[in-house]
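Spelled out, the chains give:
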Amino acid sequence: MIVASPKSITEIGEIIQKHDRVLFAGCGTCVTVCLAGGEREVGITAYAVRMARRLKGRPIEIEQQTLERQCENEFIKDLAPAVERNEAVLSFACGAGVQALAERFPAKPVYAALDTQFLGILEEQAVWTEKCMSCGRCMLAQFGGVCPVTRCAKRLLNGPCGGSTEEHCEVSPDRPCAWQLIYKRLKAIGQLDRLDAIVAPKDWQTAWHGGARKIVRQEHRV
Amino acid sequence: MSASQTGPAAAAKAAWKPEIIAFCCNYCAYAAADLAGARRMQYPPNVRIVHSPCTGKIEMEHILDAFEKGIDGVLVAGCLEGGCHFLEGNLRAKRRIEKVRQVLDEIGIGGERLRMVNLSAAMAPTFVERVREMVETVTRLGPNPLRAAAAREGAGSR
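Chains as they are written, first to last, in the working numbering: chain A, 1302 to 1523; chain B, 7 to 164.
Please keep in mind that the hints were generated in silico from the structure rather than gathered at the bench. Fair warning: there could be bad hints in the mix.
Said to hold, decoys possible - 20 Å max Cα-Cα, derived EDC-like pairs, lysine to aspartate or glutamate:
| id | chain 1 | residue 1 | chain 2 | residue 2 |
| --- | --- | --- | --- | --- |
| 1 | B | K75 | A | E1364 |
| 2 | B | K75 | A | E1362 |
| 3 | A | K1488 | A | E1468 |
| 4 | A | K1515 | A | E1340 |
| 5 | B | K23 | B | D40 |
| 6 | A | K1308 | B | E94 |
| 7 | B | K23 | B | E94 |
| 8 | B | K105 | B | E94 |
| 9 | A | K1409 | A | E1425 |
| 10 | A | K1409 | A | E1364 |
| 11 | B | K105 | A | E1312 |
| 12 | B | K105 | A | D1416 |
| 13 | A | K1357 | B | D71 |
| 14 | A | K1485 | A | D1475 |
| 15 | B | K105 | B | E159 |
| 16 | B | K63 | A | E1340 |
| 17 | A | K1308 | B | E118 |
| 18 | A | K1308 | B | E67 |
| 19 | A | K1357 | B | E159 |
| 20 | B | K100 | B | D111 |
| 21 | B | K63 | B | E112 |
| 22 | B | K105 | A | E1364 |
| 23 | B | K75 | B | E25 |
| 24 | A | K1357 | B | E135 |
| 25 | A | K1357 | B | E112 |
| 26 | A | K1308 | B | E112 |
| 27 | B | K63 | B | E87 |
| 28 | B | K23 | B | E87 |
| 29 | A | K1319 | A | E1375 |
| 30 | B | K100 | B | E118 |
| 31 | A | K1485 | A | D1504 |
| 32 | B | K100 | A | E1425 |
| 33 | A | K1308 | A | E1340 |
| 34 | A | K1319 | B | E159 |
| 35 | A | K1378 | A | E1388 |
| 36 | A | K1378 | A | E1340 |
| 37 | B | K105 | B | E135 |
| 38 | A | K1357 | B | E74 |
| 39 | A | K1319 | A | E1385 |
Since we're looking at a predicted model, the values are computed, not measured.
All chains, please: the whole structure from these sequences, using the hints.
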């Protein structure tokens, strides 16, 4: 799941300060689950922004609509009438959703209300951790399902560094050492022999370092 | 005495009485308020009680909506910590209230206008005391600044 966090009311106020009629567009998928950009968060932010603007002597009209998914045209088209009625759109989607709206409505300003953070999972209520950095060539099979590329601060592929202590990363004591987790996991599934293999330096060409990536799956093209 | 202290604005301010909403949990504060009434205990009439099944049921939107509509203060009264009928509704409410206070501070309404208190159903005197404290706090802070904004908007549209 894509995990995002909300921008402050102050920052949002600055972003839309030029406009007096704005559509707040929520997204019903990842950012709803991570409690950052769903219908409810849109509503709470709208209350705060409306009050802040009235106190500044420049009231704002806010229309609210939450789509099932902002990253697909099939869903975005439902937003068109509301976009037409407003001066600008404040999107509560991830960066992909914001850009999808901007492409779909080229003549309308589209702003981001969230800071998109990472691909992660819910550890416990309201706690999310990063698990995948979308490097484009998954090596999880070799590491027992624990990703050192994402979860080791040094991205080491052949064992832990000398800084890990008490199962924790030296970068932050509240972060587990990915290599400790890999060892435990491989031991639990009887695959410690995987650690005998030397892992070659990672080929980063598939990661974003070469610019934005694109995937074409011919078998599904129409 | 300056003109600003003697004009219609000063008179309006002097006549102003704070309006406060108290969201009261069914299992404690609401019963405490009831008990205060049964014992003929006096407390300021500025408070309107909203009966809630649990403070954990009070959403941030409810409080923000009250402030946007011009209420001067909000009191959220829940069970003593550890005594929630639903185990942890009041603890969840506590975190939400703290967040709303931050938002109110950030936008200029003032987080002091929102307060959460904890008491039991038997603590009628405490309920009365907390209500009085809230009325004093809000009286000191003055009207919800959105009231002045609404007056400006009204004057501008005439």
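Each hint tested on the structure:
1. K75(B) / E1364(A): holds (18 Å)
2. K75(B) / E1362(A): Holds, because 15 Å separates the two Cα atoms, which is no more than 20 Å.
3. K1488(A) / E1468(A): With Cα atoms ~15 Å apart, K1488(A) and E1468(A) stay inside 20 Å; holds.
4. K1515(A) / E1340(A): violated (30 Å)
5. K23(B) / D40(B): violated (23 Å)
6. K1308(A) / E94(B): Roughly 28 Å between the alpha carbons, so the hint for K1308(A) and E94(B) is violated.
7. K23(B) / E94(B): Status violated; Cα separation ~35 Å.
8. K105(B) / E94(B): holds (17 Å)
9. K1409(A) / E1425(A): violated (38 Å)
10. K1409(A) / E1364(A): Measuring from Cα to Cα gives roughly 15 Å; hence the hint holds.
11. K105(B) / E1312(A): holds (17 Å)
12. K105(B) / D1416(A): holds (19 Å)
13. K1357(A) / D71(B): holds (18 Å)
14. K1485(A) / D1475(A): holds (18 Å)
15. K105(B) / E159(B): At roughly 29 Å apart (the allowed maximum being 20 Å), E159(B) and K105(B) break the hint.
16. K63(B) / E1340(A): holds (18 Å)
17. K1308(A) / E118(B): Between K1308(A) and E118(B) the Cα gap is close to 23 Å, so the pair fails against 20 Å, i.e. violated.
18. K1308(A) / E67(B): Status holds; Cα separation ~18 Å.
19. K1357(A) / E159(B): holds (11 Å)
20. K100(B) / D111(B): holds (17 Å)
21. K63(B) / E112(B): violated (24 Å)
22. K105(B) / E1364(A): violated (24 Å)
23. K75(B) / E25(B): Distance of about 11 Å is within 20 Å: holds.
24. K1357(A) / E135(B): violated (35 Å)
25. K1357(A) / E112(B): Holds: K1357(A) and E112(B) sit about 13 Å apart, inside 20 Å.
26. K1308(A) / E112(B): Cα-Cα ~13 Å, so holds.
27. K63(B) / E87(B): holds (16 Å)
28. K23(B) / E87(B): violated (32 Å)
29. K1319(A) / E1375(A): violated (30 Å)
30. K100(B) / E118(B): Given pair K100(B), E118(B) holds - Cα atoms ~14 Å apart, limit 20 Å.
31. K1485(A) / D1504(A): violated (26 Å)
32. K100(B) / E1425(A): Answer holds: K100(B) to E1425(A) is near 19 Å, not above 20 Å.
33. K1308(A) / E1340(A): It holds: about 16 Å lies between the C-alpha atoms, which stays within 20 Å.
34. K1319(A) / E159(B): Given that 20 Å is the threshold and the Cα spacing comes to 19 Å, the pair holds.
35. K1378(A) / E1388(A): holds (17 Å)
36. K1378(A) / E1340(A): holds (18 Å)
37. K105(B) / E135(B): violated (25 Å)
38. K1357(A) / E74(B): Roughly 14 Å separates the two Cα atoms, so the pair holds.
39. K1319(A) / E1385(A): Status holds; Cα separation ~17 Å.
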